[in-house]
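Residues in the sequence shown are numbered from 1 upward in steps of one, following UniProt numbering.
For the record, the hints were derived by calculation from the structure and aren't laboratory data.
Here the structure is a predicted model, which is why all the values come from computation and not from measurement.
Glycine residues also receive a C-beta, built at the ideal position from the N, C-alpha and C atoms.
Check each hint, because a few of them may be wrong.
What the hints assert, rightly or not - Simulated restraints on C-beta separations:
1. Ile62 / Ile100: 25 to 31 Å
2. Lys99 / Thr60: 41 to 47 Å
3. Tyr20 / Ala43: 25 to 31 Å
4. Gln67 / Ala30: 21 to 27 Å
5. Arg44 / Tyr17: 46 to 52 Å
6. Tyr20 / Gly49: 50 to 56 Å
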Amino acid sequence: MAIDVLNPGSPTGNLNYEDYQKKIQQTAAATRDIGETAVPSGARETVAGLSGVYQGVGETAISQYGQQAVTQQKQAEKAASALELQGGATIDYLQRLDKIR
């Protein structure tokens, strides 16, 4: 059966907006989840057992690890928010397209 290009049934192909919205929300939630951000277990104890310069280097590494996790979380939140905004705008556009028909 051929597709009627001049008279389509729906410009969006009868897209299920609720399913699309759920998929956007699931993807945004997965984007926000950056995984384990805590300092690896045993790292603090190991650094405490070091002495001199090595202990200082270890403490610096642990503090930088925490700062890196904060930065990653902020970037993930920005990406997830952008995804939600773009997904919402896409749904609005497609709904307006359906109304034109």
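Going down the list of hints, with the structure as the test:
1. Ile62 / Ile100: 25 to 31 Å: violated, 58 Å
2. Lys99 / Thr60: 41 to 47 Å: violated, 59 Å
3. Tyr20 / Ala43: 25 to 31 Å: violated, 43 Å
4. Gln67 / Ala30: 21 to 27 Å: holds, 24 Å
5. Arg44 / Tyr17: 46 to 52 Å: holds, 49 Å
6. Tyr20 / Gly49: 50 to 56 Å: holds, 54 Å
Against the hints set out earlier in the document, violations occur for numbers 1, 2, 3.
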